[in-house]
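Spelled out from the first residue to the last, the chains are:
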Amino acid sequence: MALEISFSDKTFTNTSHTLQEFSEISLELRRDVIKSLYLAKSGHSGGSLGMADIFAVLFFGGILRYNPANWQWEKRDKFVLSAGHIAPILYATLARAGFFPTKELATLRKLHSRLQGHPALDANLPGIETSAGSLGQGISIALGMAMTHKLIDRTDQLVFSVTGDGEIEEGSVWEAAMAAGNYNLSNLCWIVDNNDCQIDGRVHQVMSIYPIADKFKSFNFNVITIDGHNYNEILSAFNTFKENAKTSDKPTCIIAKTYMGKGISFMEDDYKWHGMPPNEEQARKAFNELEKMQQQIKSLNL
Amino acid sequence: MALEISFSDKTFTNTSHTLQEFSEISLELRRDVIKSLYLAKSGHSGGSLGMADIFAVLFFGGILRYNPANWQWEKRDKFVLSAGHIAPILYATLARAGFFPTKELATLRKLHSRLQGHPALDANLPGIETSAGSLGQGISIALGMAMTHKLIDRTDQLVFSVTGDGEIEEGSVWEAAMAAGNYNLSNLCWIVDNNDCQIDGRVHQVMSIYPIADKFKSFNFNVITIDGHNYNEILSAFNTFKENAKTSDKPTCIIAKTYMGKGISFMEDDYKWHGMPPNEEQARKAFNELEKMQQQIKSLNL
Amino acid sequence: MIDESKIKKIPTRMGFGEGVVVLGERNPNIIVLGGDITGSVMTSLFKEKFPDRFFSIGIAEQNATTIAVGMALSGKIPFFSSYSAFAAFRNADQLRISVAYNNANVKIGGGHSGITVGPDGATHQSLEEVAYLRTLPNMTLIVPSDYNETKKATIAAGEMNGPVFIRFGRSAVPSFTADNDKFEIGKANILKDGNDLAIIASGLTVWESLMAAQMLENNLGIKARVINLHTIKPIDQEVIVAAAKDCGAIVTAEEHQIHGGMGSAVAEVVVANYPVPMKFIGINDRFGLSGEPDELISYFGLDRNSIYNAALDILKRK
Amino acid sequence: MIDESKIKKIPTRMGFGEGVVVLGERNPNIIVLGGDITGSVMTSLFKEKFPDRFFSIGIAEQNATTIAVGMALSGKIPFFSSYSAFAAFRNADQLRISVAYNNANVKIGGGHSGITVGPDGATHQSLEEVAYLRTLPNMTLIVPSDYNETKKATIAAGEMNGPVFIRFGRSAVPSFTADNDKFEIGKANILKDGNDLAIIASGLTVWESLMAAQMLENNLGIKARVINLHTIKPIDQEVIVAAAKDCGAIVTAEEHQIHGGMGSAVAEVVVANYPVPMKFIGINDRFGLSGEPDELISYFGLDRNSIYNAALDILKRK
Ligand SMILES: Cc1ncc(C[n+]2csc(CCOP(=O)(O)OP(=O)(O)O)c2C)c(N)n1
Ligand SMILES: Cc1ncc(C[n+]2csc(CCOP(=O)(O)OP(=O)(O)O)c2C)c(N)n1
Ligand SMILES: [Mg+2]
Ligand SMILES: [Mg+2]
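Chains A, B, C and D are the protein sequences, given in the same order. Residue 52 in my numbering sits at position 51 of the first sequence, with consecutive numbering throughout. Residue 106 in my numbering sits at position 105 of the second sequence, with consecutive numbering throughout. Residue 212 in my numbering sits at position 195 of the third sequence, with consecutive numbering throughout. Residue 185 in my numbering sits at position 168 of the fourth sequence, with consecutive numbering throughout.
None of these hints come from the bench; they were simulated from the model. Hints may be right or wrong, so weigh each one.
[As the list claims (entries may be wrong)] Simulated crosslink set (DSS-like; lysine-lysine; CA at most 27 Å straight-line):
hint: 1; chain 1: C; residue 1: K209; chain 2: C; residue 2: K23
hint: 2; chain 1: C; residue 1: K66; chain 2: B; residue 2: K273
hint: 3; chain 1: D; residue 1: K26; chain 2: C; residue 2: K335
hint: 4; chain 1: D; residue 1: K25; chain 2: C; residue 2: K335
hint: 5; chain 1: B; residue 1: K42; chain 2: C; residue 2: K262
hint: 6; chain 1: C; residue 1: K26; chain 2: B; residue 2: K111
hint: 7; chain 1: D; residue 1: K26; chain 2: C; residue 2: K262
hint: 8; chain 1: C; residue 1: K262; chain 2: D; residue 2: K333
hint: 9; chain 1: D; residue 1: K26; chain 2: C; residue 2: K333
hint: 10; chain 1: B; residue 1: K218; chain 2: A; residue 2: K218
hint: 11; chain 1: A; residue 1: K251; chain 2: B; residue 2: K42
hint: 12; chain 1: B; residue 1: K111; chain 2: A; residue 2: K258
hint: 13; chain 1: A; residue 1: K299; chain 2: A; residue 2: K273
hint: 14; chain 1: A; residue 1: K218; chain 2: B; residue 2: K251
hint: 15; chain 1: D; residue 1: K66; chain 2: A; residue 2: K273
hint: 16; chain 1: D; residue 1: K26; chain 2: A; residue 2: K111
hint: 17; chain 1: A; residue 1: K42; chain 2: D; residue 2: K262
hint: 18; chain 1: C; residue 1: K240; chain 2: B; residue 2: K273
hint: 19; chain 1: D; residue 1: K66; chain 2: C; residue 2: K262
hint: 20; chain 1: C; residue 1: K333; chain 2: C; residue 2: K262
hint: 21; chain 1: C; residue 1: K335; chain 2: D; residue 2: K66
hint: 22; chain 1: B; residue 1: K258; chain 2: A; residue 2: K218
hint: 23; chain 1: C; residue 1: K333; chain 2: D; residue 2: K262
hint: 24; chain 1: C; residue 1: K335; chain 2: C; residue 2: K240
hint: 25; chain 1: D; residue 1: K262; chain 2: A; residue 2: K273
hint: 26; chain 1: A; residue 1: K273; chain 2: A; residue 2: K251
hint: 27; chain 1: B; residue 1: K42; chain 2: C; residue 2: K25
hint: 28; chain 1: A; residue 1: K42; chain 2: D; residue 2: K333
Every value quoted in this text rests on a predicted model; they were computed, and no experiment measured them.
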């Protein structure tokens, strides 16, 4: 029987706080990622799945302040995806937050879709703050936003940005780090997706970025290292950042230890899944695994 | 009476070791810098004067291995000026080391001179390893040379490179730092001219690079901080690097605290001298100061 | 007849610096980002006047360009300026993706462009930006010819929406346009009428072209139409096609590589509409040299004599 | 008559990867630098075969380019390859000053170029490199049309002295040139004779041009000369001028912006020597879109039908 893909209408609100809620949301996001990539027949599974837990907390745990009904709301916090290739997790998250109809997730990477292969401002998808795709640029854009809010308009808006760990091999990223420290941008939260994977292999083998924490400290950041799949640690890191935003004179870097492909056994921690979509068989297996996990969560009654 | 400029024929050998010798050499280099910039009517006095002591030790203290009679000698160590704007001190040093006639220093920045405003490979001046002028590029070129010598040809050739402290605001410089650490390039000696001056002002005000040592340590360097006008400290730093080249698996960064315009009272530590030549009156004053210092050195009998 | 001895010389960068100040006075959203050469490109004027709206980014052209995008996407109108060599190339990827593809309201000033930056030599003598920038969708590219025009161009750039790159120079050049001369982005100015040939120029060669045209008329009675193509993108097709039709031969003159430069943009319009013989005055596929601006202008053949001779050449091919 | 059904499709990047291996076998000085996409641009083949001569630099195009210069100045022949968008622009300043101005023996492979990289979308669809690279003095720029030619171009690049940029694609394209077809850098190949008009193409549009020419001949008896201008710099003036003289009208076709691209380079030669009407097939001043390569080729009008129609148009202007 052919694999049929459909997207439920379900959306989530920005008010979750239990582990059960986060688990269910991130399961839904992972399912969306698998579905949309399976339909697209190309795209980046690994990083998208690996960041599902962090996106769940950031968008649905009351951290990021946004308004899907009026997404250009002037006082919103900003989320800038610097690692543009993990667009599928951003699209899934925005859809599940109500920015646009979930069924549009089926159009990923297709001609004239608003869900371009990499986020595209000119495609007019609600929730997209900037185009991305060339690594390292988004974090500087986030910086420009953080400077505008803190130093020019003097609002309390926060700016969150995600870079990959391979991405921080780009020199421009360290220009951004230097300026963020220089300008005391405590309203900037820089999340490094530290899965130690990039296209050609392990990050520590392709070009070592380690020690990461020491680097960011020497660029005058507050550094928090967390397990990027542990909801408590994620929540607490974001809350520390929010505290920092008020009291500290340093930007915050959250180094999130994650696994590429997290949640799907045969993708986990394998850099080959950086830029591959699941085929039909793999998609079926993935859905089965996610279904099992859903049952577990329910039965555990977290 | 008009100020008449001439260049003596005097050259120095690579065998100095007393403070007196270094003092005399660096005085001569400073005089050359003033003369050539005065004649050129444009160019970078501050950084050139500030690096005279380090150039004196590097080229005349038996550190850098070179052969002016056969400058393309295959086994030579390499010196790459990344901060291309301080070309005048490099030109003076090369001339005084016998790479080309000292009188050519009078042609700096003139049409068809081999002494272009920034070092130019296509001008065919002996001793010039690469063109420079866009900040941050030279250090990566030095890296490519260090990789060639250590990892491909497996020779014991050393590579020295000078960057400014403003220059390390460029992101590409941190790409170079990351790769140097990653490839254990212990044969690379990176000298940071830490005069805390750049064109627009103090480095810590224009865009703070501090703490420098922590940054390089977090990029896996051996770091040595010295007074860049103290011959003992300079010599000992270079000797430590030479030791490191054999025994360590890390590249070396020498952070040299220097003063822009060092040696000429009215230029010292003033960023306005970054890119200015002396006019006639200033050149006269400079020569007088240098002359006095020469007498002092002689009388002190260091 | 223009009396050259009456023409003052002022650097175009002064027009840029003053233009940004005028904008700052008119609009509180104007922001300036410094790249450690604010004195050279004269945004130091803005910095003195509006210190709260000036941010020093240091020597980090990539970051400055992309910070500007973040500010533009937050409603500001940021100007970033550096030497043209570094404001067009060190940040080329950022210009393409974050500025142009986002269609962000970012303004870039490329100063110290061309060989007339002089003794600094080839690395600083940017001669390739026009080729790159005019290929970027959404980008507006202006190469004004004198102080007045640079000021007007800067103000117009700050008052339109979308990315703009303004290329200007370091040395003092004849200030020959009048305060009340019209300047409109995308509309070339015809400075002198004539139907024997057309000379299309941008930047400092506009003045040299005028002088060459005057020589042609005085010496030989040849009437050249002189066109100031200050906006290279979007290009003024109408004026170019009319020149081709009316004059039947075109000389272009620019302080830039011939390959891909303004002349090349004109050639695209010409062959697509009304093919006529053309001759290109510019840098012929080589890097620059240290020297004084005037020396270099004549050594590289960008002066009025070269334009004059090119005009005579092209008339033979008509 | 070419029977299209007999033509195999192979990606040009395969030719690049294999070419670098051939060079590696011939010359121990060949070095490869990786930019975290070695599988995509197929230098992974070299890496497997010569691990000692392969160095991973990570995602740091500026550094990789300048490391290559340091190696070249020390006697090596380094190849660095990344997606064309990042191998031409993220390192544009390095290409200009350290590679081109030094005239360093560095070879750059720009892979996944053009809209045919497909669903990744506009940021990855580089359509502007030719404009920039052809303006750089000392640079050789090659845009080969199929697998075989890319392999030959790569080998020729490694065996000549000086900087070379080779632009190639991701998708499988018709492999129509033969093993023993001549390939010489700087010498265009005439693939089909004809005097009614000339179609000048580079990259994957060469095949589409051949097919268009075949349609023109079969349907209407129009004989088009088809020229494969694989080397865009240095450009083959002789072949272009002859085409202008013999045919009196030229269509150019390229997977690149029209502004500043190969067609623009041809226009420069045409107006300077023998003006004739031209029509440009290419991307008309806009960014790309996600989609399948074939969809995009026809959506953006780079296919044989567009070339065919352009030919009919231009014949009316002859
Ligand atoms: C400037 C630039 N260079 C190269 C690429 C190609 N590229 C896309 S993703 C990627 C690897 C990124 O690694 P990482 O940031 O660790 O992301 P992950 O693989 O973990 O998702 C590369 C090299 C790019 N998009 N931009
Ligand atoms: C990429 C690049 N951006 C800008 C410049 C212009 N520039 C030349 S020197 C300089 C300041 C350098 O400061 P520093 O490295 O501290 O040298 P110092 O002034 O101490 O000699 C600048 C901004 C340049 N040459 N290259
Ligand atoms: Mg990663
Ligand atoms: Mg300094």
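(request) Kindly indicate which numbered hints from before are broken by the structure, ordering the numbers from low to high. (result) Hint check: 3, 4, 5, 7, 9, 11, 12, 13, 17, 18, 19, 21, 25, 26, 28 fail, others pass.
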